[in-house]
Amino acid sequence: MTSLSGLTAIVTGAAGAMGEQEARMLAERGANVVLTDVRQEEGTAIANDIGDAAIFVQHDVSSESGWNTVIETALSTFGSVNVLVNNAAISKAFKLIDTDVDTFDLVYRVNQLGVFLGMKSVVEPMKAAGGGSIINISSVAGLQGTSTIFAYSASKWAVRGMTQSAALELARYKIRVNSVFPGVIDTPMNDANPPGMNEVLVKTTPLRRMGQASEVAEAVVFLASPQASFATGAELAIDGGMSI
Amino acid sequence: MNTSPHHRFDGCIALVTGGTSGIGAAAATQFASEGAQVVITGRNEARGAEIASSHENIHFHRVDVTDRSAVDNLNSHIETTFGRLDVVVNSAGVVNARPFASMSARHWQEMIDTNLTGAFHVAQSALPLLRRTVANGLAATTSIVNVSSLNGLRVDPGMSAYGAAKAALIALTEGMAIELIESGVRVNCVSPGAIDTPMSSTTAGDEQNSEAFTSAIPAGRYGTADEVAAAILFIASQEAAFMVGANLVIDGGATLPSRHPDLLKMFNMER
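Heads up: the sequence lines are chains A and B, in that order.
Numbering follows the working numbering, in which position 210 of the first sequence is assigned residue number 210; successive positions increment by one, without gaps.
Numbering follows the working numbering, in which position 224 of the second sequence is assigned residue number 224; successive positions increment by one, without gaps.
Just so you know, the hints here were simulated from the structure itself, not pulled from any lab data.
Keep in mind that a hint or two might mislead.
Unchecked claim - Just a few of them, taken from the derived set where beta-carbon distance is under 10 Å, the chain A residues facing chain B: (1) Asp105; (2) Gly130; (3) Glu218; (4) Ser225; (5) Ala234.
What the hints assert, rightly or not - Only pairs whose alpha carbons sit at most 25 Å apart, straight line, appear in this in silico DSS-like list of lysine-lysine: (6) Lys174/A - Lys127/A; (7) Lys265/B - Lys120/A; (8) Lys95/A - Lys203/A; (9) Lys120/A - Lys174/A; (10) Lys92/A - Lys203/A; (11) Lys265/B - Lys174/A; (12) Lys265/B - Lys127/A.
Backbone N, C-alpha and C define an ideal beta-carbon position, used for all residues, glycine too.
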């Protein structure tokens with residue numbers, strides 16, 4: 001028996017490289033997984049590939065009614081909600097002086113509002129289940145200032161702050177809330193970076209390489225599992241030493 | 001606990017200081033049940049023999065981590081016996097509450113020596129063997145896990161010497177991490193909060209004191225040694241291969257609140 005057997009997890013942004021790995025690994029360790037993403041075709045294909053333990057729901061994390069659909073689907077399909085991985089995020093590489101209001105608002109809606117709505121949506125089903133585990137994916141840009149991804153960094157600091165407040169508020173329901181801070185991970189999200197930036201990012205990572213999406217997924221699975229039962233409000237950097 | 005899904009440490013050698021009780025003993029037991037040969041150290045011979053007799057993979061050596069030559073002898077022994085070393089867990093520690101104004105220099109020195117300098121001796125002494133294990137292709141990375149404390153982040157009254165040692169251990173973790181990663185040695189740290197172990201028996205064992213502690217922990221209870229050990233094993237395993245210089249807090253949320261009163265309670269708001 002694996003450690004997540006009998007649990008149901010929701011993973012947002014599951015059509016992306018990191019979300020896909022998280023969903024696959026949660027399923028591998030025995031969980032049922034609800035994958036959500038705005039990208040229907042890719043998300044459905046991944047859920048089908050995982051098999052009976054997975055279902056895909058098309059979902060914009062910044063939509064409250066969308067969250068209701070996700071929760072209803074999770075409950076009607078698998079019977080409970082025990083784990084939420086707020087993984088969905090977008091990155092726009094602009095400096096402060098080049099960031100317009102629409103860009104800032106878009107990044108805010110996906111990266112911050114989406115995490116807030118996700119946490120709020122799972123409270124009742126997790127209370128009903130006697131507890132749960134929420135894992136919010138922040139970023140190394142939520143631990144340090146950055147000079148090139150202003151709106152993204154702001155939203156990731158917000159994720160960090162929301163995690164701490166939610167952990168405090170929800171501990172009495174045995175809902176644990178923790179955050180993971182990936183450094184530079186080898187995913188297509190880096191393709192949006194300006195030329196030369198990825199090389200610099202690897203050079204400033206003490207481990208001198210990008211992380212793999214599976215290495216972030218391992219941390220997510222650990223925090224989701226009963227083995228992390230006394231961890232709440234924890235901040236786990238998976239960054240090859242970048243934030244030291 | 002032993003709900004771990006896999007055997008992550010088959011063929012590995014782990015050294016766990018302070019392995020004769022509490023978090024160290026729990027970690028040693030979990031490493032052993034996941035396939036590692038585990039060398040534990042401690043100062044209490046009877047406790048060491050007891051833990052060692054609980055699992056055939058656990059081997060006890062009476063070593064005081066503040067004694068460098070004893071630590072060097074232990075590492076030589078590990079090298080000749082096993083030929084490799086994959087994991088070092090620095091969990092040897094002592095804690096006593098003392099007011100700053102009246103603490104003896106001896107108390108200060110004991111807190112610093114055991115909680116901080118011991119980790120320095122053990123890690124530096126084990127380093128050549130940890131590096132060789134990587135260089136010889138026996139492991140992708142080797143790992144040092146330092147056990148700091150909640151008091152390394154937030155210091156409570158009476159804990160100035162202990163907190164100073166544990167905060168320094170976090171800084172030491174970061175400094176070691178950034179220097180040693182080039183040779184494939186990952187250094188990270190865990191910071192446990194209030195854990196129900198022999199070290200916390202003066203509070204956990206007393207109903208009134210225990211209640212005062214649990215009411216200050218959002219999770220509403222002490223943690224268990226097994227819960228901290230599970231974090232140590234995760235960090236030490238190849239699952240955490242991209243974790244370098246991190247600090248994993250296992251405290252039931254105790255570091256989250258400010259010292260302000262509970263606002264929801266104050267304004268009668270339902271949770």
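Now the hints, each set against the structure:
1. Asp105: Asp105/A check fails; min Cβ-Cβ to chain B is 29 Å, beyond 10 Å.
2. Gly130: Interface hint status for Gly130/A: violated (14 Å vs cutoff 10 Å).
3. Glu218: Since chain B brings a Cβ to about 4 Å from Glu218/A, closer than 10 Å, the hint holds.
4. Ser225: Hint holds; Ser225/A Cβ to chain B Cβ min 8 Å, cut 10 Å.
5. Ala234: holds (5 Å)
6. Lys174/A - Lys127/A: Since the Cα atoms of Lys174/A and Lys127/A sit roughly 8 Å apart, the hinted pair holds (cutoff 25 Å).
7. Lys265/B - Lys120/A: Roughly 20 Å between the alpha carbons, so the hint for Lys265/B and Lys120/A holds.
8. Lys95/A - Lys203/A: holds (21 Å)
9. Lys120/A - Lys174/A: holds (15 Å)
10. Lys92/A - Lys203/A: Judged against 25 Å, a Cα distance of about 22 Å means the pair holds.
11. Lys265/B - Lys174/A: holds (19 Å)
12. Lys265/B - Lys127/A: At roughly 20 Å apart (the allowed maximum being 25 Å), Lys127/A and Lys265/B satisfy the hint.
Of the hints listed earlier, those the structure fails to meet are numbers 1, 2, in rising order.
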